[in-house]
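A.B. asks: Residues per chain, in single letters:
There are 2 protein chains.
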Amino acid sequence: MALIILAHPRYNSSLANKTIIEELQSSNQHHEVRDIHRLYPDYRIDVQAEQEALLRHDTILLQYPFYWLNLPAILKHWIDEVFAYQFAYGSQGDKLKGKTIIPSFTVGAAEKEYQLSGKHHMRIYEFCKSLEHTAIYAQMNYIEPVCFFGASLNVEAFTEEKVKRNAKHHAQKIIKILEHLEPTPGSVSI
Amino acid sequence: MALIILAHPRYNSSLANKTIIEELQSSNQHHEVRDIHRLYPDYRIDVQAEQEALLRHDTILLQYPFYWLNLPAILKHWIDEVFAYQFAYGSQGDKLKGKTIIPSFTVGAAEKEYQLSGKHHMRIYEFCKSLEHTAIYAQMNYIEPVCFFGASLNVEAFTEEKVKRNAKHHAQKIIKILEHLEPTPGSVSI
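Chains A and B, in that order, give the protein sequences. Okay, so the first sequence: first residue is 85 according to my numbering, each after it adds one. Okay, so the second sequence: first residue is 85 according to my numbering, each after it adds one.
Chain A with its partners taken away, still in its complex shape (with noise of 0.2 angstroms):
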């Protein structure tokens, strides 16, 4: 079970982190999904509930749009405001130690912008460095970006279905990924 930072602040007319996030919700795995936008429209994040939800797991997948190269602004916030000083840093701060963070985030372009020859010129991981340190700063296991290209439909012309089809087989790559991470109890790693 692990816990689910939903980061979209327009998410009810999303396509594919809303078929992400139903995708996630309807298979066996039991996830806490805490919707930051909709909690916090006004940005006054509860810090003490965000960090007790923090506890309470082991694995925290951040779930969001790419926006400009970046975090959208509401999960900088969340960022900003719950890896406290004697919480995430600090001589005290090691209530994440240990844990693992994943990033999961969709974004507009196709996956081939994303190199020398394409318009952004990097890599995707290179765009996300700032986080990776802010994990590994805070004694996280910071695991590689799982990447939904192709997301925007004004872009690869794709369609309303295409998006879907891919935003499920997305889900299925992170359903992995969390079961391998957190196995059953009573099951036997092999």
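Honestly, the hints are just simulated from the structure, not real lab data. Check the hints yourself; a few may be wrong.
No copy is singled out in the list; a pair is fine if it fits within one copy or between any two copies.
As the list claims (entries may be wrong) - Keeping only pairs whose Cα atoms sit at most 35 angstroms apart, straight-line, the calculated DSBU-like set for lysine-lysine is:
{"id": "1", "residue 1": "K248", "residue 2": "K260"}
{"id": "2", "residue 1": "K213", "residue 2": "K203"}
{"id": "3", "residue 1": "K179", "residue 2": "K203"}
{"id": "4", "residue 1": "K196", "residue 2": "K102"}
It should be emphasised that the depicted structure is a prediction, and the values quoted were computed from it without experimental measurement.
Chain A is already provided as a structure; the job is to place chain B on it using the hints.
C.D. replies: The following block gives chain B in isolation, referenced to the frame of chain A:
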């Protein structure tokens, strides 16, 4: 005259950022300062007002504290909302084309921590790739970040007086950059 986007969620209790802004305001230069966290404490940004402010200027200075090796959320939100389709990008989205953008930010730790042997391992510019690519994607001129290291009293055991002195020095650096970019009308460039 430049547009200064001041993005600090705790500006009134800040030392370095406040000193920098005050020093800029007491210079001979006349800038438009927009304190976006004071303007939008609930993160409901007036997109049109911000776009109009951008259109009034050729030079935009972003002044903020470096939070978790990245932009503070209010500044990311400002970008997400204001750098809109058909304004900053898209077939007619050339409204920022040719404008100059300068990140100016305060960093808690000392500069020595931003190298391979330091605790953040990477150079500061490497943490700014998302912002740099955002600027380039909007067809702006991106000026290398002007960084003020050691801004935190706790981290470097600096006195308040020393941080203030350094902040004034930082402001003077910015003033020189802005002078160079925007010669006084009637003056002769050499």
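A.B. asks: Hint by hint, say whether it matches the structure.
C.D. replies: So, going through the hints one by one against the coordinates:
For a Cα distance limit of 35 angstroms, the shortest separation of K248 from K260 inside one copy, 19 angstroms, qualifies, whereas the shortest one across copies, 52 angstroms, does not. With identical chains, the CA atoms of K213 and K203 are at most 35 angstroms apart both within one copy (19 angstroms) and between copies (14 angstroms). For a Cα distance limit of 35 angstroms, the shortest separation of K179 from K203 across copies, 20 angstroms, qualifies, whereas the shortest one inside one copy, 40 angstroms, does not. With identical chains, the CA atoms of K196 and K102 are at most 35 angstroms apart within one copy only, with a shortest distance of 24 angstroms there and 43 angstroms across copies.
Checked against the numbered hints given earlier, this structure breaks none of them.
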